[in-house]
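Participant: Taken in order, these protein sequences are the chains called A and B. For the first sequence, counting from 1, position 8 maps to 8 in this note's numbering; every step adds exactly one. For the second sequence, counting from 1, position 401 maps to 401 in this note's numbering; every step adds exactly one.
By construction, these hints were calculated from the structure, which means they are not laboratory data. Because the structure is a prediction, the values reported are computed rather than measured. Virtual Cβ for every residue (Gly too), placed ideally from N, Cα, C. Incorrect hints may have been included.
Said to hold, decoys possible - Here are the computed distance ranges between Cβ atoms for each label pair:
id: 1; chain 1: B; residue 1: Arg192; chain 2: A; residue 2: Leu185; range: 51 to 57 Å
id: 2; chain 1: A; residue 1: Ile3; chain 2: B; residue 2: Ala410; range: 50 to 56 Å
id: 3; chain 1: B; residue 1: Gly6; chain 2: A; residue 2: Gln255; range: 24 to 30 Å
What the hints assert, rightly or not - The calculated lysine-lysine pairs, modelled on DSBU-like cross-linking and capped at a C-alpha distance of 30 Å, are:
id: 4; chain 1: A; residue 1: Lys167; chain 2: B; residue 2: Lys30
id: 5; chain 1: B; residue 1: Lys279; chain 2: B; residue 2: Lys209
id: 6; chain 1: B; residue 1: Lys10; chain 2: B; residue 2: Lys30
id: 7; chain 1: A; residue 1: Lys67; chain 2: A; residue 2: Lys199
id: 8; chain 1: B; residue 1: Lys112; chain 2: B; residue 2: Lys279
id: 9; chain 1: A; residue 1: Lys2; chain 2: A; residue 2: Lys199
id: 10; chain 1: B; residue 1: Lys279; chain 2: B; residue 2: Lys30
id: 11; chain 1: B; residue 1: Lys30; chain 2: A; residue 2: Lys191
id: 12; chain 1: B; residue 1: Lys30; chain 2: B; residue 2: Lys121
id: 13; chain 1: B; residue 1: Lys10; chain 2: B; residue 2: Lys112
id: 14; chain 1: B; residue 1: Lys30; chain 2: A; residue 2: Lys233
id: 15; chain 1: A; residue 1: Lys167; chain 2: B; residue 2: Lys112
id: 16; chain 1: A; residue 1: Lys191; chain 2: B; residue 2: Lys209
id: 17; chain 1: B; residue 1: Lys112; chain 2: B; residue 2: Lys194
id: 18; chain 1: B; residue 1: Lys279; chain 2: A; residue 2: Lys167
id: 19; chain 1: A; residue 1: Lys233; chain 2: B; residue 2: Lys10
id: 20; chain 1: A; residue 1: Lys199; chain 2: A; residue 2: Lys233
To be verified - Here chain A is said to cover these stretches of chain B; the calculated rule only asks that three of the stretch's residues, wherever they fall, bring their Cβ under 8 Å from a Cβ of chain A:
id: 21; stretch: 25-34
id: 22; stretch: 153-167
id: 23; stretch: 186-195
id: 24; stretch: 248-258
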Amino acid sequence: MKISIGALSGEELAVLAGIRMSVTAHLVAEAAMMDGNLAALCEAPFALSLAAVGVRGRARLICGDGKVSASFGERRGGSSRGATGGTLVFPSARACARALAGGRGMIIPLPFGAAFPRALRFFRAAASRAPELLRSPEVPPQSKARLLLAATVHGLAAVAGDSYLEKRMGHFPDGIVRIGAGDALFLLEKKGRSIRVLKNAPVDGADPALPWIPDAILSFASPESAIAVLSGKRQAVVALGSGEVTIAGLLPLVQGLFSVLDRLSWYLGVAIGEEGK
Amino acid sequence: MSAASGRFAKSREYFERAARVIPGGIYGSKSPGFLVPGHFPYYLSGARGCRIRDVDGNEFIDYLCGYGSQIVGYGNPEVDRPALAQIAAGDLLNQPHPVMVDLAERLVGSVKGMDWAVFSKNGTDVTTLATSLARAQTGRQIVIAAEGAYHGAANWCSSNVYPVFASEEQRNVEFFQYNDIAGLEALFARHRGKIACVILTPYHHPTFKPQQLPSPGFFPAVERLCAAEGAYFIMDDIRANYRLDAAGSHVRFGAHPHMVTMGKAMANGYPLSVLLGSKDLAATASGFFITGTYWMSGAPMLAAMATLDEMERLGGVPRLEKLGGMLKEGLESLGVAAGFGARVSGPLAIPYLTFDEDPDLYLSQRFCAAMADRGIFVHPHHNWFISLALTENDVEITLDAARGAFAEMADER
Chain A
1 MKISIGALSG EELAVLAGIR MSVTAHLVAE AAMMDGNLAA LCEAPFALSL AAVGVRGRAR
61 LICGDGKVSA SFGERRGGSS RGATGGTLVF PSARACARAL AGGRGMIIPL PFGAAFPRAL
121 RFFRAAASRA PELLRSPEVP PQSKARLLLA ATVHGLAAVA GDSYLEKRMG HFPDGIVRIG
181 AGDALFLLEK KGRSIRVLKN APVDGADPAL PWIPDAILSF ASPESAIAVL SGKRQAVVAL
241 GSGEVTIAGL LPLVQGLFSV LDRLSWYLGV AIGEEGK
Chain B
1 MSAASGRFAK SREYFERAAR VIPGGIYGSK SPGFLVPGHF PYYLSGARGC RIRDVDGNEF
61 IDYLCGYGSQ IVGYGNPEVD RPALAQIAAG DLLNQPHPVM VDLAERLVGS VKGMDWAVFS
121 KNGTDVTTLA TSLARAQTGR QIVIAAEGAY HGAANWCSSN VYPVFASEEQ RNVEFFQYND
181 IAGLEALFAR HRGKIACVIL TPYHHPTFKP QQLPSPGFFP AVERLCAAEG AYFIMDDIRA
241 NYRLDAAGSH VRFGAHPHMV TMGKAMANGY PLSVLLGSKD LAATASGFFI TGTYWMSGAP
301 MLAAMATLDE MERLGGVPRL EKLGGMLKEG LESLGVAAGF GARVSGPLAI PYLTFDEDPD
361 LYLSQRFCAA MADRGIFVHP HHNWFISLAL TENDVEITLD AARGAFAEMA DER
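With the hints as constraints, model all of the structure from the sequences given.
Facilitator: Written out as structure tokens, the structure reads:
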């Protein structure tokens, strides 16, 4: 049963808006690395934030040295190195969730300097290009898998603070999980009630001669497997049974993340156009 | 997926079909992800003695024993004969078969400190009934349990942590660390006048972790606190029963619970569990509405009577411990010789191998996969079980396989 956005509580709307902002920003940043036309829009620096009234976190896109990086959270992430740009403010969590899911929603642009038009041009192009990349037969499966993995891990990080998950998050162990397909690898750290995506393996003071090993590993046997599972076309449990997905190490950690993934899927399945019905 | 996965083509076919019509394909503790997919079968077709056979025709020496329910061997004729005869004569009847009286008398006479018996089918049935009786008797809500202990799949004790359960059934269950007397005292102090019972396993056997025996002062402290508070002490002996002491595992550790739950090995795999209780709970139990359509079927009770005889005939706990000791000593010495911190924890009849250097269980998973490749079924995340169908020769075969498994792991380092 698909839930309508009109049925969500205020807290759920804020969580959904946070997920949408984070996933969008990270997809946009990944898309910029894959698409020549988007890369061309990143030649000069800019900074762009996505924020929504009533939502504590904000997403940030920072372009410098021809690269785009994304972050989401309450604190400032990355360095804009003086780049100008602006903020796209959604007047409510609901407007944010609807607009970033492809529906209608008011956006208030707040420019901060001359780079704003450039930032906006990039964002508009990249936000529409990312879904096209996922659909395009020309895009290699490995690239699609990377896009989907990026969306998934950042979605997990954004949904983790949902009060629905409070008890559940306390019920599975802390640790670092490596999630990947081929060379598309992400590290997720679960600590208490939070999940964050790590840029690098942590240096923990252990014997430097020993290779660092995460607490658990979730691997897709191929990019195609990752795409099938992460797009919902194949049940994760079936893929696990058939060997398309392997898990190793601290299994309760991975199993706990599956339950967070279920909650993320619930949010991403919210129907945006059925208010009042 | 390993090259070995071709061994399980039929298992995988069944699983693909199952996933379309059964949630998760195989749900709960038997799901493929709980083992090491590619190295273990998903579907078994039969078993005899201590050997199990999968749908692809692979055979394994089994150390999981139907999650502990097999104690005198699969297809034991002494157990099966009376049970199958009763099935042919009529098993599930309108009224109980008289064997129910015989079995109740036998259990009350043999399990120390117990005065009455109520039968059902699963561990969850009787752990839930035990906590319900304690609540009814005391008029209090709080149940205290050890963190990581498994007492069944009902909402009050399961890992299904959803807000709707957390706010109701799970709200009245408080946890402490097994053996942590100070932690337990703190809970009693915090919930004075509200505690109905403490439910504990005779020793701590959490999944994914080494097993832990009770410290010498632990059960006396539990009993002292329960007595002072007027709370009941429930011993959940479902997993360990008849592998530690024929009079109940509490006897092994000098504990004196008010209620004991048993199941699994009691009927050698036939569906049967029992709640045993002391006199002061008899009136409450008599007034409680306790029922289940299948709870009084006769064949499992006849199987239980025969299993109790057969355990005694085959050497009982001393024999289990002899075989378990041989396995423990062999595995630890082979592991250490190969350069691993292999450690077998828990009672000799219910061993579990972990590696000191690997709390995340990568090595356990690797070892158990390598053992399965060699025809030995040992679980990487759940404790193992020794059965009386096992022989010294089977343990030797197991240790030979372990030698190969450790060597393979050492080569990979």
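Participant: Can you name, in rising order, the numbers of the hints this structure does not satisfy?
Facilitator: Result: hints 5, 9, 10, 13, 15, 18, 23, 24 break, sorted rising.
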